Amino acid sequence: MKKPFPIMPTLIALMSALYFLVPLYATFLFSLKMTRGEYSFASYRSVLNSSIFIDTITFSTIASLCAIVIGTVIIVPTAYWVRLKLPHIRPVIEFISLLPLVVPPVVLVFGYIRVFGSNSWLPLAGSDQGTNLLLVFGYVVMSMPYMFRAVDNGMSVIDIKTLTEAAESLGASRIRTIAFVIFPNVRGAIMSGAFLTFSISLGEFVLASLLNRPAFGPYLVQLGQDRAYEPAALAIMAFAFTWACMALMQLFAVKKPGSRWFPRLSIKLYKKVEA
Amino acid sequence: MSFVNISNVVKSFGTNTVVKGFDLAVEKGEFVSFLGPSGCGKTTVLRMIVGFETPSSGSITIGGKDVTNVAPNKRNIGMVFQAYALFPNMSVFDNIAFGLKISGMTKQAVSARVEEMLKLIGLTHLANRFPYEMSGGQQQRVALARALAPKPDVLLLDEPLSALDAKIRVSLREEIRDIQKKLGITTVFVTHDQEEALTISDRIVVMNGGRADQIGTPNQIYNKPATRFVAGFVGTLNIIDAKVHNRDDGTVLIGSKKIQLNDPIEHVKPDGMVSLALRPEAFSIVPDAAKDVSLDGTVTSINFLGSVIRAVMDVEGREISFDMFNNPSLMLPDVGDKTSVYFASSDILALPA
Ligand SMILES: Nc1ncnc2c1ncn2[C@@H]1O[C@H](COP(=O)(O)OP(=O)(O)OP(=O)(O)O)[C@@H](O)[C@H]1O
Ligand SMILES: [Mg+2]
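As given, the protein sequences belong to chains A and B, one line each in that order. Numbering (my numbering) for the first sequence: 1 to 275. Numbering (my numbering) for the second sequence: 1001 to 1353.
So that you can see chain B by itself, here it is in the shape it has in the complex (with noise of 0.2 angstroms):
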């Protein structure tokens, strides 16, 4: 049995069910990110939890333990907040020691561990700092702290970088997976940004409209994507239209252009077509022996991106957008160009409806 069980949970506010039937198991020292559009349930599963909220049906284990109706009070677990949610009243030191004082430690050992997490975090000469006098990212590190000072069984994090500056969010994500890896502390960290969950994540749950759509490592969720919304959400994916040729031998026809498909075609639609997904990394620009399938149209859009450049062009009335390396020695193409891209058919997935 998995460390934290989430089995079939439902939670309707009224009569909006937001969570329709979530499963999850989570290891013990694992770190699961739930990653979704707003509004598909990521909070309230974690609120969940947590105990803030009751599921409507359902039940939750941690440790082998039901919690489903305890008291969040009596749970032991850490919680780290959007807002950083520090008590404005009191000090850095104070806000850590805050969940030890509770626990009944004595004055001695509260100190101790607080210096010990004051260490763990960077921030000792600001021990007698109050909120206020302190940036976001300094604050969300002694939150963080204050959740894990009293050693919880599980740290729940629900968008913790969001009101952070992109550069802290990367610095900040990296301590956060190091301090997690370094406690073995298992954690759900909930996000809505792909590249967040793809970076720090063991495991990712792509959910979507209540369900989780998607469990699975981030080499899966990215290049296995189980849905056609997983596979639109993560990264970016061109999906093609593509007629059915001949589904024995697995052929389709791209406009006029005749594919060849590595895998059986499983998924057709009624009308004899499929979907296919291509990342726009797929692409390449110059041939290339393993990209054995070149596709021809007109460049439509340049966007600078930085060390790439995303372009898109048209198909025969589709739109693909393809990536290439910002490299001056090469000759990209300018908009209103004809050009051709080449891409290996081994990168197409074949998406499920």
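So here's chain A without its partners, still in its complex pose (with noise of 0.2 angstroms):
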């Protein structure tokens, strides 16, 4: 027997639907329009053009990149032990990694200022270097939530206590099991913790302005405040951006060990210990 043909549902799904996809449509439409009487991506061309906006994504990629590294190397580690050695105190771990959701980041960059201010026992906010460093570590705050949550998803779906006892039991010591056994298959859910961290860090204005940084985000609002058209191009383009990576992350999620069109971590690396 055939279902009859859902209606409703679909009514629903497409007038959902139009209500994205309208609003996005104008404003490409208008992203469009800035030479006069012509369809044109002179807006798109004039962006790309502009030396501040390369200069402050290069700058935004660059702290969002180093987010995620420190975030990997604080959040697989710390997940995999609380899995492992502490799984009573794992509620808590996970209150603490939802923090950052209830902390506003205007409250987060105030607590760094009067931390790490010039006349603090470590004056980080002194200089170039050191508020560069307070904003990373920012973004890895404000992506904690989710970096932890995707990675201690993907340590579910595998038995780590089990893998750990086998690797031991083989003669591997805790950092070679983390590195060669542990790492390379959470590294799906790795990967889409790292490509929501960089989709929240690098159009970020808050932490970035506050910290006075050269950061894409404050320039995105500034461009909105100066600009009529190039904003909306910019919209477009972040938009794009951020549906390539959620395809991205889609395809390291479902992507199995063995199809080799992504380069496997673990052979390279062995390769370098033996060296």
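Do not take every clue at face value.
What the hints assert, rightly or not - Derived SDA-like pairs: lysine to any residue, alpha-carbon spacing no greater than 25 angstroms straight-line: (1) B:K1101 / A:R187; (2) B:K1074 / A:N212; (3) A:K161 / B:T1054; (4) A:K161 / B:G1184.
The hints are simulated quantities; they were obtained by calculation from the structure and are not laboratory data. Remember, predicted model here, so these are calculated numbers, not experimental data.
Starting from the two chains in their separate frames, assemble the complex, guided by the hints.
Have a look at this one:
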């Protein structure tokens, strides 16, 4: 027996799609109208040609990548250790990881400035390099809920404890176990966390602006105040970028070991160890 | 001194003592099984041998060396888990090579050893497969090869066959035993399946509540159970309460039937009763010169087990199970029939308490 065509659900889905697509389409159309009387990509060209755009997006990309690396190095071993040895404190860790969703970035940044201000015991905010570091740490904190959740979910899928014991009985040290057994198996999860971190910190405004860093977020806002067409172009580009990230995430998440289009990390690292 | 010595090992988790003074000596090249009900501490003892748990007291030596507090990755023990625990990100080849690479072998030596192991388990053609592309039986064979590849001093297997279906369970246990004999590796095998333990072990440790109730060959465990628990756990057993008639000449009464026992009566309960044990296969439904005792009763149930039929009959209020060969030429009794069963008094085991 065939089910009748689901009219209502389809209608609702269409309406919601329109709700998102219409403004997007309007923005896109608007971004093409920079040159009077014709559609052109002039606004996009203008954005891409601006050196501030290149500088700020480079700065933000590097800051985001640093945040991803630091976040991974902190969160993967933590999540691993908690699952392996301290399963009873997992709710506590989970709660801590959610705190950044409750504490607004403004509070975070003023806390930073107070603790690491120029007359504190560790005057990080006194120098540019130090402030950059604070910004990266801020991004690590802000993306922690997503990173932790992604990694922790990834670990729940594989039997961390038994895999660790299997590796240990074969003579592996803890570090080797993490690097060659645990890490490759949660790689998909780490990637998801990484992309989320990336999309959060790339356009981040509050932290970058209050720490006075030349980041992409403040530039975006500034541009919105000064120009008409370029912000629309930027919005479309940011949107495309986000979707590209999501697609990549999806790709990494479903990737099975053995399909070789992605270089296998484990092999390369082994070679290094042997050398 | 034996190769593996476990001396008076105790393990408590908090206030819960799960292993209570466990002693075992395993000879080099021996295949020992731990058999016992769920929760009796089999896994816990195994985990202390490999080092995942530390004994609360007592000591463990391997090859004369005290390893009680040595880290698991320094013990050179191979371990096979119930859930295979193959590394999902590595091919069969890389799984087996894992322990070898750690030991610092050259690439060629690793390759050669992996090939050798693949041949041993007969999976040479699957070297490039990933764990998720293989059946449970294949995965467990790879896990065995992975554990054996670095030439461990001892091989431990914790219910390695429990997740597999019946046919593969039988063929794989034979394969494990063959490989074990071929390599002469000292092996401890955990199972809760008595048939498995009886078939493949040199010796069996029957565990009960954190202790070893009996350690012996399959033959000893089956035919001379040391405790009532062992008798009841290994194989099916009729436990028949009989009244001592005359302790001096060794006669007892089962209901109104007087029976002469072979062995002197040792364990008489305060109420003048003894517990006798008889395997269902000790009975016959046809008279036989060697079977000098008979019991009469009414058949209450018939269970078809394949080549054997197990029946239960009521003898003056006692349930007695007996086996009959499924032989179509015999007149087998039906439920409700009155019948007699015959057995030899030498088959009776008088149980300690
Ligand atoms: N890490 C632990 N913390 C607390 N109790 C534990 C721990 N490990 C085991 N136990 C307890 O110790 C007892 C023995 O467990 P063990 O796993 O050794 O049993 P087993 O004989 O292997 O049983 P099974 O046949 O079910 O595998 C159980 O009651 C179990 O609850
Ligand atoms: Mg167990």
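So, going through the hints one by one against the coordinates:
1. Distance hint between B:K1101 and A:R187 is fulfilled; the C-alpha atoms sit about 22 angstroms from each other, no more than 25 angstroms.
2. Taking the CA atoms of B:K1074 and A:N212, the gap is about 53 angstroms. The hint is violated against a cut of 25 angstroms.
3. Proximity of A:K161 to B:T1054 is assessed by CA-CA distance (about 17 angstroms); at most 25 angstroms being required, the pair is judged to hold.
4. A threshold of 25 angstroms between alpha carbons decides the hint, and for A:K161 with B:G1184 the separation of about 30 angstroms lies outside it, so the pair is violated.
Violated hints for the displayed structure, listed by number in ascending order: 2 and 4.
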